[in-house]
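J.: Chain by chain, the residues:
2 protein chains.
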Amino acid sequence: MGKVYTGASTSIDGYVSGPDFSGFDKLFAWYEAGDVALTVPSGSMTFHLTPESAAYFTSLVQSTGALVVGRKLYDFTNGWNGQHPLGVHTVVLTHRPLEDNEHFTFVSGGIEEAVAVAQKHAGDKVVGLNSGEIARQAIDAGLVDEIWLDLVPVILGGGTPFFAPGKGYELEGPVSVVESKSVTHLRYKVKYENTTS
Amino acid sequence: MGKVYTGASTSIDGYVSGPDFSGFDKLFAWYEAGDVALTVPSGSMTFHLTPESAAYFTSLVQSTGALVVGRKLYDFTNGWNGQHPLGVHTVVLTHRPLEDNEHFTFVSGGIEEAVAVAQKHAGDKVVGLNSGEIARQAIDAGLVDEIWLDLVPVILGGGTPFFAPGKGYELEGPVSVVESKSVTHLRYKVKYENTTS
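Protein sequence lines, in the order shown, are assigned to chains A and B. According to numbering that gives the first Met the number 0, the first sequence is numbered sequentially starting from 0. According to numbering that gives the first Met the number 0, the second sequence is numbered sequentially starting from 0.
The set of hints was computed from the structure by calculation and includes no laboratory data. Be aware that a few hints might be false.
Said to hold, decoys possible - Not everything, but these chain A residues come out facing chain B in the computed CB check (under 10 Å): (1) Met0; (2) Thr9; (3) Ser10; (4) Lys25; (5) Phe27; (6) Glu31; (7) Leu85; (8) His88; (9) Arg135; (10) Leu150; (11) Gly157; (12) Pro160; (13) Ala163; (14) Glu169.
Beta carbons: idealized from backbone N, C-alpha and C, even for Gly.
Can you build the whole structure from these sequences, using the hints too?
T.: Shown next as structure tokens:
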């Protein structure tokens with residue numbers, strides 16, 4: 000079974016979105032910080048990345064086999080107009096399931112079910128999870144192997160935290176650090192044997 | 000006039016202290032993560048750092064000429080029993096000033112006055128500021144040149160944020176990254192010309 004990670008572009012004060020869904024221009028600036036054109040698997044977007052971020056993002060794309068997202072993000076993006084940019088099957092955790100289709104499965108049984116369904120689609124590849132409520136539920140359920148933090152040079156001052164407040168966890172690492180422009184890519188492992196509270 | 004930085008050991012969710020002043024064992028683990036013995040200038044403590052963190056900490060000690068801290072930290076540490084570990088003059092911003100002495104000046108006129116007094120003591124060296132309320136007041140007053148983030152592999156889930164919620168700011172960098180064990184040392188510059196809100 001593939002590993003599970005949660006990742007997001009995050010401000011140095013720990014937010015993945017500023018107040019009232021602001022700040023995305025700052026958080027996602029690194030997707031346009033270089034000259035390496037990279038079209039996402041779904042074909043819906045082309046980024047222009049630094050060589051360092053392009054290598055990182057390519058590795059993320061190649062290793063990710065399925066995703067779990069929340070209904071709020073699904074609605075906010077209008078279901079990515081049909082398919083997630085990463086081009087992989089996406090499980091939407093929601094209390095108001097829609098009809099499943101080729102690219103999306105709607106799950107209302109909780110985070111364990113959502114991750115299990117995603118892992119079936121992912122095969123040997125890893126499952127990527129949303130930050131925010133999804134990340135908090137998953138880490139509390141013991142399901143998160145790694146955290147992939149794209150640390151962005153901005154203070155947002157409020158908004159949606161990467162991890163909703165709650166229990167603490169020790170991490171191992173960073174197991175990798177990629178320095179780029181407008182972002183530092185950091186990967187950590189979750190050490191479940193040593194929770195902090 | 001020397002530059003002004005604010006720095007702290009910070010969890011990846013942005014806290015410099017966990018709930019109810021917990022988590023310091025995790026946040027400060029990097030001070031004992033290696034074999035390089037380093038006694039602080041005041042002589043009050045000896046750390047055992049990795050070579051990377053020892054070089055970073057030595058540079059911080061050599062460049063810092065004075066500090067500004069809040070009264071809460073001063074009281075919590077019992078005035079560091081007479082002198083701040085960095086061995087430099089320390090300005091305490093407080094509504095309830097004590098009598099000044101050789102190592103401490105108490106200022107109640109606001110963050111601008113506290114930083115100005117510290118800069119006189121620092122000469123050409125830099126002034127270091129506390130995180131938390133002090134950092135928020137200073138950045139909002141346009142006084143912070145750099146942020147020195149010692150990013151620690153832990154999720155605290157709550158507590159005291161490095162920057163109290165408020166206005167957002169764009170940063171430049173990281174202008175330096177030092178990879179170590181149990182910590183990543185990152186330095187950013189504040190770009191006041193481009194505030195995010």
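J.: Hint by hint, say whether it matches the structure.
T.: Cross-check of the supplied hints:
| no. | hint | verdict |
| --- | --- | --- |
| 1 | Met0 | violated, 24 Å |
| 2 | Thr9 | holds, 8 Å |
| 3 | Ser10 | holds, 8 Å |
| 4 | Lys25 | holds, 6 Å |
| 5 | Phe27 | violated, 13 Å |
| 6 | Glu31 | violated, 15 Å |
| 7 | Leu85 | violated, 23 Å |
| 8 | His88 | violated, 28 Å |
| 9 | Arg135 | holds, 9 Å |
| 10 | Leu150 | holds, 8 Å |
| 11 | Gly157 | holds, 4 Å |
| 12 | Pro160 | holds, 6 Å |
| 13 | Ala163 | holds, 9 Å |
| 14 | Glu169 | holds, 5 Å |
In this structure, the earlier hints numbered 1, 5, 6, 7 and 8 are contradicted, and the remaining ones agree with it.
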